[in-house]
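Order-wise, the sequence lines are chains A and B.
Here the first sequence is numbered in numbering that gives the first Met the number 0, starting from 0 and rising by one per residue.
Here the second sequence is numbered in numbering that gives the first Met the number 0, starting from 0 and rising by one per residue.
Think of the hints as simulated: they come from the structure by calculation, not from any bench.
Please note: incorrect hints may appear among the correct ones.
Far from chain B, some chain A residues (derived; all Cβ distances over 10 Å) [said to hold, decoys possible]: (1) Pro-158; (2) Asp-258; (3) Lys-335; (4) Ala-363.
With the Cβ distance kept under 10 Å, some of the chain A side facing chain B (calculated, not the full set) [what the hints assert, rightly or not]: (5) Glu-3; (6) Ala-26; (7) Ala-35; (8) Gly-38; (9) Ile-72; (10) Trp-76; (11) Leu-82; (12) Phe-109; (13) Cys-220; (14) Leu-221; (15) Ser-223; (16) Gln-224; (17) Gln-354.
Positions of the beta carbon are idealized from the N, C-alpha and C atoms, including for glycine.
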Amino acid sequence: MTSEEMVFEAVRKCLDDAGLDAGDVDAVVCGSAPDAFDGYHHKGLVAVEPSGAFAKPFSRVFVGGGTGVGVTISGWWHIASGLFDKVLVVAWEKMSHPYPHAQPLFRSIFEPILEQPLGPNLIWIFALEMRRYMERHRLDKELIARVAVKNKANAMDHPYAQLGAKITVDDVLKSPVLVWPVHRLDISPTSDGAVALLFASEHEAKKITDTPVWVDGVGACLDSQYWTNRDLSYPYYVYLAAQQAYKMAGITNPLKEIDVFEPYDPFTYKELHHLDALLGKPGLAPQLLKEGQLERDGDHPTSPSGGLLGVGNPIAAAGLMKVAELYWQLSGRAGKRQVPNAYVGVAQAWGDLMQVGQVVVCRA
Amino acid sequence: MTEVYVAGVGEIPCKPSYPQDFREMLFKAFKNCLEDSGIDVSEIDAVVASGLDFFEGVSITDSYTPDQVGGRLKFNTLVTNDSLNAFIHGYMLIKTGWFKNVLVTAYAKASNILNYGEIVLNTWDPHLIRPLLIHHFSMAALDAQAFLSRRRGEPRDLSIVAAKNIRNAQRNSAAAYGADTDIEKIESDEFVSEPLRRSHVARLCDYASVVLLSSDNRSAKAVVKGVGFAHGSHSSDLSERVFGKFAWVRPAVSQALPSSSRRVVEFVEVSEPFASTELMVLDELGVYDGDVLKGVRGGDFMFDGALPINPSGGCIGMGYPLNAAGLQRVVQAVKLLRMGRWRGCLVASVDGEVVDGGSIVVLSAG
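For reference, chain A alone in the conformation it holds in the complex (with noise of 0.2 Å):
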């Protein structure tokens, strides 16, 4: 399937869902990370055609793997300025184009004098995060390993998860290491997605569904490209981000408030450092994940649609599945992964040189 047929589905099914037709939207953003993934210069033409862009306005944004909510909130600002009463939203990746692997696509994303030359993989750059992660709360790997778990089993009840697998700690710890202390079961996989969904002014969205969510708040943050110089056990652009979106949705005691979490899962560690910074507590995630209050029928739900390590990672696409989630969570349609009394919820994704956090709160 080409990038173009992903699209057109994602948004076929879309617009099928909310009863309207591609002459009913007002205009059409979308979201793909690195062009080198399609080997398209401005590859973000490649979605005029499928998602019944023409003569609409149409514009990709880009922010690494923080796209997909960084879409979303891009999404909001058409709507919330005033010029537009329905916009979809798109986001794509098609990662297997790459061979044999989009991974050495990835090092092009590094500072080409200082970085490329001493040929860096993600993975040794995680490594690196991960083990200071670890190492401030004094975290073991079996304890981050449940987070593999749990998302895989959630990933299960998903139609559209590619790695739902009942899976234990012993599992992960005996998948094989790839940089130490990521094992092979700790990262997420390489995937091609499309997700699209369908945004709305307040009195466009009563005539759609009798069930809109409202997005309640947005926060967007971008720290410096040299990532060698922060401190890697917390990500504070993804705490500030958070902080935005909280102020704009009245929230101040995000975990009290807040009915469902989804942030962004790409790594098993990632989930407790970014969920740290979404509570604004470092060091708290672990604690909450030890207690069980992770799973979905825990007290704080945190990625129950199995996130990118048990749904997927087609990397811009990720972070707007996790807002589709959020959609389905509460307007009450997440099926087998429905998380009782969701009311409120966050998603978050991540990016770039490790270094943007894009948040969005929604409402029921």
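Got chain A sorted already, so can you dock chain B onto it with the hints?
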């Protein structure tokens, strides 16, 4: 409803090549913008950048923006379209009511690019079109020929446009390619792809510009009166392409400017990688009363004409800074408005050389 003002502009002049890194270039443009606006870096709420991976030679180009424009640990986004589209996203952010000062940034380091034609070729379908190795000059020539044929124009009309812009650029200190040329000199140029001659093609340049948008009118240099953007018949396999006609312009201008208000446009700044681009955009804009080709021949679009088009020199006179072309046009428009001669203008920018898409902004003097 929140009004949006251009509170400051900054640029560094177009040059064939700068010895500095793109970050240093952008930093200088940023400093110039801050000085122009009189605001402090701490007052900037958000940054909207424009960038395209293959031009930069790195993936995830937004990573490299915040440090040199005071954007670290602030709201940032990247729009991977022409920078006039980034400008419109900045405008939308302010319109939400949640942002007061938004910086829009763009730069081009074209001198770093060794294989420009090959990069543009990668816009097209890898199976059906790329193997044909169509150079973008040829694609533009097909557009130009189709346009001239449809509108009963002459290749010489393209030379009139190019001569006008190159001459206008002599007045602009930020222009790289201004010269005292004339139509006959340009008509004697070699063809790069018939009917396009060498001077009908804007030469690439290094450039950086930064624009500060604000909801605060205290340091307003211009007022944003309307915005619009659209994509037309672009398709990567050319199956839907309508040569010689920009389908994006009419929907975009209808968003930006009600037809009843088109008299407010006293000049137009339009990015024109090719002389034919200027005519193709103008033909669809509806801001000139009359036949566009007759207007060209009659001198109506000259600096002192009835409706000056690219009085700054445009991209043919200044240099074509890739995706920074749209913001380049905004900066020139604001500079021209501040001269006091004109009260309102329209800025248009195409989304690259071969794409049927673009953006439009209407500005009035602050």
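>> Run through the hints listed earlier and report the numbers of any the structure violates, in increasing order.
In response: Nothing - there is no hint that the structure violates, so all of them hold.
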